[in-house]
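Undergrad: Could you put together the complete structure from these sequences and hints?
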Amino acid sequence: MIQFFNTLSGKKEPFHSIQAKKVRLYTCGPTVYDYAHIGNFRAYIFEDLLKRFLLFKGYKVKHVMNITDVDDKTIKKADHEGVSLKQVTDKYIRAFFADIDTLNILRADLYPKATEHIPEMAHMVKALVEKGYAYKKNGSYYFDISKFKDYGKLAKIDRDELKTGERVESDEYDKKNAHDFALWKDKKPGEPFWETEIGPGRPGWHIECSVMSTKYLGQPIDIHCGGVDNIFPHHENEIAQSETYADKKLAHFWLHCHHLIVEGSKMSKSKGNQYTLRDLADQGIDPLVIRYLLLSTHYRKMVNYSDKTLKQSQSSLERIRSFLYELKTRSFAEGENPEVKKWIQDTEKKFTDSLSDDLNISLALTSLFELIREINKLMANQELYHNDVRAVQSSFEKWDQVLGILPKEDEDQLEASIKEKIDQRNKARKEKNYDLADQIRDELLEKGIILEDTKDGVRWKKK
RNA sequence: GGCGCGGUACCCAAGCGGCUUAAGGGAGGGGUUUGCAAAACCUCGAUUCGUCGGUUCGAAUCCGACCCGCGCCUCCA
Numbered sequence: 008m009i010q011f012f013n014t015l016s017g018k019k020e021p022f023h024s025i026q027a028k029k030v031r032l033y034t035c036g037p038t039v040y041d042y043a044h045i046g047n048f049r050a051y052i053f054e055d056l057l058k059r060f061l062l063f064k065g066y067k068v069k070h071v072m073n074i075t076d077v078d079d080k081t082i083k084k085a086d087h088e089g090v091s092l093k094q095v096t097d098k099y100i101r102a103f104f105a106d107i108d109t110l111n112i113l114r115a116d117l118y119p120k121a122t123e124h125i126p127e128m129a130h131m132v133k134a135l136v137e138k139g140y141a142y143k144k145n146g147s148y149y150f151d152i153s154k155f156k157d158y159g160k161l162a163k164i165d166r167d168e169l170k171t172g173e174r175v176e177s178d179e180y181d182k183k184n185a186h187d188f189a190l191w192k193d194k195k196p197g198e199p200f201w202e203t204e205i206g207p208g209r210p211g212w213h214i215e216c217s218v219m220s221t222k223y224l225g226q227p228i229d230i231h232c233g234g235v236d237n238i239f240p241h242h243e244n245e246i247a248q249s250e251t252y253a254d255k256k257l258a259h260f261w262l263h264c265h266h267l268i269v270e271g272s273k274m275s276k277s278k279g280n281q282y283t284l285r286d287l288a289d290q291g292i293d294p295l296v297i298r299y300l301l302l303s304t305h306y307r308k309m310v311n312y313s314d315k316t317l318k319q320s321q322s323s324l325e326r327i328r329s330f331l332y333e334l335k336t337r338s339f340a341e342g343e344n345p346e347v348k349k350w351i352q353d354t355e356k357k358f359t360d361s362l363s364d365d366l367n368i369s370l371a372l373t374s375l376f377e378l379i380r381e382i383n384k385l386m387a388n389q390e391l392y393h394n395d396v397r398a399v400q401s402s403f404e405k406w407d408q409v410l411g412i413l414p415k416e417d418e419d420q421l422e423a424s425i426k427e428k429i430d431q432r433n434k435a436r437k438e439k440n441y442d443l444a445d446q447i448r449d450e451l452l453e454k455g456i457i458l459e460d461t462k463d464g465v466r467w468k469k470k
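Going by the numbering used here, the first sequence opens with residue 8, and the numbers climb by one from there.
Since the hints were derived computationally from the structure, they do not count as laboratory data. It cannot be assumed that every hint is accurate.
Said to hold, decoys possible - Below are the SDA-like pairs computed for lysine to any residue, each with C-alpha atoms no more than 25 Å apart in a straight line: (1) K470 / L443; (2) K278 / K308; (3) K348 / S369; (4) K83 / A105.
Said to hold, decoys possible - Label pairs and their calculated CB-CB ranges: (5) K29 / D353: 26 to 34 Å; (6) T316 / D236: 19 to 27 Å; (7) K255 / K315: 41 to 49 Å; (8) R285 / Q26: 34 to 42 Å; (9) R326 / R114: 28 to 36 Å; (10) E459 / Q352: 28 to 36 Å; (11) Q400 / T316: 27 to 35 Å; (12) H23 / Q408: 19 to 27 Å; (13) K28 / K93: 38 to 46 Å; (14) F63 / G342: 28 to 36 Å; (15) K315 / K439: 40 to 48 Å; (16) K439 / N367: 47 to 55 Å; (17) K255 / D353: 38 to 46 Å; (18) P196 / G65: 51 to 59 Å.
Every residue, glycine too, gets a C-beta built ideally from N, C-alpha and C.
TA: Rendered as structure tokens:
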């Protein structure tokens, strides 16, 4: 049984897809006004784990992620840089895709853009007005939250006790109730706008998700994800719109991941700790180490990104990689050890059971480390055989379909000059000329090649 | 003020009533192996789970109070 913590009910619930073995997944995507930062990627990696696990369990997953390419921030940025909105958004859309590839995040099936769904949004707004849940004021349209009696069910907010924030006081938008939210914003000088059946203007933020999730996935969908900060108001408002529009539930499951903090404190531009993937790549950090760090903390817990936690992740990942490297580079006698099959089965059970329990990644990883130790023991005792090695390797490949933390098998080739050096060193070692041998080893280390001597001969890896 | 999250070894972190007199990873000490390294293996490491009470045959796990850190409460994943 798979269970997930559903924000809607505030507890873990058994997961059943609406259609057998098919999951319709909608995840809130980026607003493309800047490079995404690691906090954003924390959410995308959590969603990636969720999706990969569902795939692993044999579900077909249809995954839609929206791209917000028109809103206050994108407009402001374009204005600031004196370029068109599209120039800005195209640039950051490209960067976004490059980044998720770098982090080994599986692509969604569809990435609908807000600007390509303007007529549908206008249509939904119109329908909401006709149903009596929305009103027009000074060219803009607002959702009347007093009409939607379930308002607040996701965020557990009492509609009548919503505090009026200072920011709402401005008369920029003229609403009946301070907490009514904009469905459609009237055309303003200097801002992009679209001519639609409800008049000229541009969409509010929440409406795009309602429109695009329903258009591509139908209603209700199985799972809707995002960061905790999206619970209110974004997801709450999506529910209000969609459930009013279709008289159906929007999503059965709402999963939200917690925030990422940096060196123990919140990310913010002023602190300069809002790292992008590019910043980190410039520091020479392996993206898969970042993936491991973001992945290895349970999604509903805060994760702390720091030099220290990064190093720890690096070392942990290194343990897995070294293990596989041992298997790959040593030679083993023919045959098999019956113990190994049992260990693998136990590991797989623990691995999937753990992830089935609201994506308990810590326990899932533990199961892998336990297997590593057992196999290492057998290896040290010469009790591991060729077939065992093959079985372990293919199991890790399988489990990595869920984790995505192992480097792709690109058969690294050594340059001829380096090969020569290695041969030279082997010769020196045979002659017990260790000074020369060490000298060559240091020399290669500087070039990023690590040499290790084993019973089976020298092996090398890149730093 | 409202809603919510968290406090477990030096660090990260699982466990959420007896299977655990607390997993796993990192860092560290000692040992084996090695020409030396690296990797690996063995071993050491919380009588204790923020504090104080309570419930129970039994609590890190349930209840109460308190202390500390954090998030959200109109556009931030």
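Undergrad: Against this structure, judge whether each hint is valid.
TA: Here is what the structure says about each hint:
1. K470 / L443: Since the Cα atoms of K470 and L443 sit roughly 21 Å apart, the hinted pair holds (cutoff 25 Å).
2. K278 / K308: Satisfied, since the Cα-Cα distance of roughly 22 Å is no more than 25 Å.
3. K348 / S369: OK: K348 and S369 at ~23 Å, within 25 Å.
4. K83 / A105: Holds - the C-alpha atoms of A105 and K83 are around 24 Å apart, at most 25 Å.
5. K29 / D353: 26 to 34 Å: For D353 against K29, whose Cβ atoms are near 30 Å apart, the range 26 to 34 Å holds.
6. T316 / D236: 19 to 27 Å: Hint holds: Cβ distance 22 Å, inside 19 to 27 Å.
7. K255 / K315: 41 to 49 Å: For K315 against K255, whose Cβ atoms are near 48 Å apart, the range 41 to 49 Å holds.
8. R285 / Q26: 34 to 42 Å: 40 Å, holds
9. R326 / R114: 28 to 36 Å: 29 Å, holds
10. E459 / Q352: 28 to 36 Å: Holds: the Cβ-Cβ distance is about 32 Å, inside 28 to 36 Å.
11. Q400 / T316: 27 to 35 Å: Distance hint for Q400, T316 holds at roughly 29 Å.
12. H23 / Q408: 19 to 27 Å: Check passed, 23 Å falls within 19 to 27 Å.
13. K28 / K93: 38 to 46 Å: The hinted range 38 to 46 Å holds for K28 and K93, with Cβ atoms some 40 Å apart.
14. F63 / G342: 28 to 36 Å: Cβ of F63 to Cβ of G342: about 31 Å, so the range 28 to 36 Å holds.
15. K315 / K439: 40 to 48 Å: 42 Å, holds
16. K439 / N367: 47 to 55 Å: Since K439 and N367 have Cβ atoms about 53 Å apart, the given range 47 to 55 Å holds.
17. K255 / D353: 38 to 46 Å: 43 Å, holds
18. P196 / G65: 51 to 59 Å: 55 Å, holds
In this structure, none of the earlier numbered hints is contradicted; all agree with it.
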